[in-house]
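Produce the complete structure using the sequences and hints provided.
Number of protein chains: 2
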Amino acid sequence: MAEDYREMWSSLGLNLEGHAGLLAVLSDAYQNIYLSQKERPAAMQYFDFVVSEVHGLRIVELLKEKTAGKLIVGTFCVYVPEELILALDGVSNGLCAGADVGTEEAEKFIPRNTCALIKGFMGFKLAGLCPYVESADLIIGETTCDGKKKAYEIFDEITKKVYVMELPNKKSDDGKLLWKNEIKRLADKLSDVTGKTITLDKLKEASRVVNAKRQALKRLSDLRAYDPAPISGLDALLVNQISFYDDPVRFTAKVNELCDELDERTKQGKGVAPKGTPRILVSGSPMAIPNWKLHWIIESSGGIVVGEEACVGERNFRDLLENFSTVDEGIQKMADRSMGINCACFTPNDDRLTDINSMSQKLHSQGVVHYALQFCTPYLVEAFRAKNSVESAGLPFLRIETDYSLEDAGQLKTRVEAFIEMIKDEKRS
Amino acid sequence: MAEDYREMWSSLGLNLEGHAGLLAVLSDAYQNIYLSQKERPAAMQYFDFVVSEVHGLRIVELLKEKTAGKLIVGTFCVYVPEELILALDGVSNGLCAGADVGTEEAEKFIPRNTCALIKGFMGFKLAGLCPYVESADLIIGETTCDGKKKAYEIFDEITKKVYVMELPNKKSDDGKLLWKNEIKRLADKLSDVTGKTITLDKLKEASRVVNAKRQALKRLSDLRAYDPAPISGLDALLVNQISFYDDPVRFTAKVNELCDELDERTKQGKGVAPKGTPRILVSGSPMAIPNWKLHWIIESSGGIVVGEEACVGERNFRDLLENFSTVDEGIQKMADRSMGINCACFTPNDDRLTDINSMSQKLHSQGVVHYALQFCTPYLVEAFRAKNSVESAGLPFLRIETDYSLEDAGQLKTRVEAFIEMIKDEKRS
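Note that the protein sequences, when read in sequence, are chains A and B. The numbering used here applies: residue 12 is where the first sequence begins, and numbers increase by one. The numbering used here applies: residue 12 is where the second sequence begins, and numbers increase by one.
Mixed in with the good hints there might be a few duds.
No distinction is drawn between identical chains; accordingly, a pair holds when it is met within one copy or between any pair of copies.
[As the list claims (entries may be wrong)] In silico DSSO-like cross-links for lysine-lysine, where the CA-CA straight-line distance does not exceed 27 Å:
1) LYS229 <-> LYS278
2) LYS424 <-> LYS119
3) LYS172 <-> LYS119
4) LYS182 <-> LYS344
5) LYS398 <-> LYS119
6) LYS49 <-> LYS424
7) LYS278 <-> LYS438
8) LYS398 <-> LYS172
9) LYS398 <-> LYS435
10) LYS181 <-> LYS200
11) LYS344 <-> LYS181
12) LYS181 <-> LYS171
13) LYS182 <-> LYS171
14) LYS171 <-> LYS398
15) LYS344 <-> LYS191
16) LYS195 <-> LYS182
17) LYS181 <-> LYS119
Derived from the structure by calculation, the hints contain no laboratory data.
Next comes the structure, spelled out in structure tokens:
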């Protein structure tokens, strides 16, 4: 860390000793997984810096924004509309959920058989290791899965900050109406808390900011279609993870700088791995920072990840919020936009199967690795239908169910290596 | 079995050999668990008979009803309104889900980490052992949990019979409206399939039949408040389980006969266990027939189960459908009635915590055993808040997480015995 933030962390109530330990572990992991990569784009330096300051400078910024009257809002899910938060003078930030932290504490409040992401956000809070949850004025949850839906009840008892949006279970007309009304209610809630009113200008400005971010991420995604891939899956994943934490305007500029460099690479035919390296699409559960496990395993096994059909990935940025001329129309389009996101929490969710195959095609993926966190029932069950759909489209499919621990890394690596060998064999034959 | 049903089972496509094996195992279990009980009410003979004919005579009846033009509807959940099915010339029946059957087959379609009930209904179908699923013209699912919501997609691919009702995640005004509309849509669906139209008279008659069943079950429940308990928890559970399978009019008459006998017992101070036997309220996940594991463990460990705050139990019969004078009003009241059922699938679900404590009080329970199937996330998470609530009300609380296998029976028995000893100690002190 460039500066000493201990006073700030202490004032936020963090456990300083535990936090120092966490940062040391993360720094080592980052060194091993990220900084050891070959042919990294120079523009990744910015994102390396963001990671190194994710609990430092970024929190300083958030606290400054808070002092300046902004509402600091913690979120967990792409269905929570970022535009709305920005339009009501809020700052939207992800919370800590991507590492095995405070597990023992978390298991006093939630079952052992809970997915690592939920245990993560509970554990980070209980262990006093997440400056984001402590800085937040409001935490917005959603009813996307049984685990989160029920854990938020307990998380609210602990933090007293949780507001839960109800997502329907089907994209029926009634479900869509319910969701639109939920967005309206969120607008009211944010107005109540901030004392501000939403205006068309503010919503337009907010959507411009968020759309620009989405377009930059989309541009990055499109560049990954090249062979050789101009950027590693690990680095692209990191950029997508950081999209939930960084200032959106600065972030967008930096992603575009990165894309300029990647543009140049594609013109020169330069990549991070040799042309012909087996290309993998990852699809499934969200990967919260610093969950880099699967990408690391794939890319250290001779493959390259070319896309993420995931919430930390394509689902977050594919569609824009556009063409509205009243606040109400903006909210309607916000609802429509998010109903275009195909999370496994919906039934039926056939459009996700279409998304996987169309992303595979667009990104020239040669195999799909389906990733589900252990106990993430919606994705675990949907994996069965995804397998049929991907294999019918002629691509091999590998189903991975794992958590954040590295205990199964050797076993996963063996399976991933065999999968990549199979892709190579198919190409030869 | 009194008759040879092999021809019928064969025509339904059952696996005759596997089915014979299943019936033999069930018959042994029933002998050990049920017929060995002391002081059983004579009126339980009817229910013993029903169990012995649950895949025989009852299926003969259903097939006769089908021939007579009735629609055979398979259901899994108390939110699916039975009145509506009856009013549209349907017969509502539960499906097989209460035993470890076809697990290996089921795990080819759904994850290993799926609750035993879901694995059960998939496994029974895949192993060709459930005459109910084969007799059904239509299976009505619901979005009560991630596991069922997503497994129904696959179950429909296998059976081609599944229709899913969307239950909301919150009991908000929008959620309630959505649910009312879902009931209307179900009415339309049933009309489409049967060619019949719902009328006020038919709905009134259907609600009379179903209310009478609920009132009989309520009467049975109330009788369990006596000390000594006039009926075992095992027998009362069985009656509740059979309520989902038997002809409702005959069933109601037989439950009332049983209650007449129990009335007599309470007058004589006669019970199935000595006065002062530790009284346990069970609360949690549904127990599909033949899942008798927890009651068996409790009642063979010196306790008596006096109530089930569960869907196979109180949630199924507590509230009636009454006071409507149009079909639309009936549907509205049906929706209102089911929104009074406090399943852990809702957030928040504080009313369930109130229900547990008020049932405890009413039934003079001295301890609550919270039962959740392994991987049943809604109940597993809610158990933490239930514990606080029950303990705040001054009662001890034991959290059980299990499946259908008997592997953990010894360990559970040890925990239950310790819990019951603790209750005895508290009474002495």
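Quick rundown of the hints versus the structure:
1. LYS229 <-> LYS278: within (19 Å within a copy, 76 Å between copies)
2. LYS424 <-> LYS119: Result: close only across copies, 23 Å inter versus 32 Å intra.
3. LYS172 <-> LYS119: Close inside one copy (20 Å), not across copies (42 Å); limit 27 Å.
4. LYS182 <-> LYS344: Intra 15 Å, inter 25 Å, cutoff 27 Å: intra and inter.
5. LYS398 <-> LYS119: between (36 Å within a copy, 12 Å between copies)
6. LYS49 <-> LYS424: Close inside one copy (20 Å), not across copies (58 Å); limit 27 Å.
7. LYS278 <-> LYS438: Within one copy, since 25 Å is at most 27 Å while 83 Å is not.
8. LYS398 <-> LYS172: between (39 Å within a copy, 23 Å between copies)
9. LYS398 <-> LYS435: Only inside one copy: LYS398 and LYS435 sit 20 Å apart there, 55 Å across copies, limit 27 Å.
10. LYS181 <-> LYS200: both (25 Å within a copy, 17 Å between copies)
11. LYS344 <-> LYS181: Intra 18 Å, inter 23 Å, cutoff 27 Å: intra and inter.
12. LYS181 <-> LYS171: Classified as between; 19 Å across copies, 30 Å inside a copy.
13. LYS182 <-> LYS171: between (31 Å within a copy, 21 Å between copies)
14. LYS171 <-> LYS398: between (41 Å within a copy, 20 Å between copies)
15. LYS344 <-> LYS191: Cα proximity of LYS344 and LYS191: in one copy and across copies (9 Å, 26 Å).
16. LYS195 <-> LYS182: The answer is both: 18 Å in one copy and 17 Å across copies each meet 27 Å.
17. LYS181 <-> LYS119: Between copies, since 26 Å is at most 27 Å while 33 Å is not.
The structure shown violates none of the earlier numbered hints.
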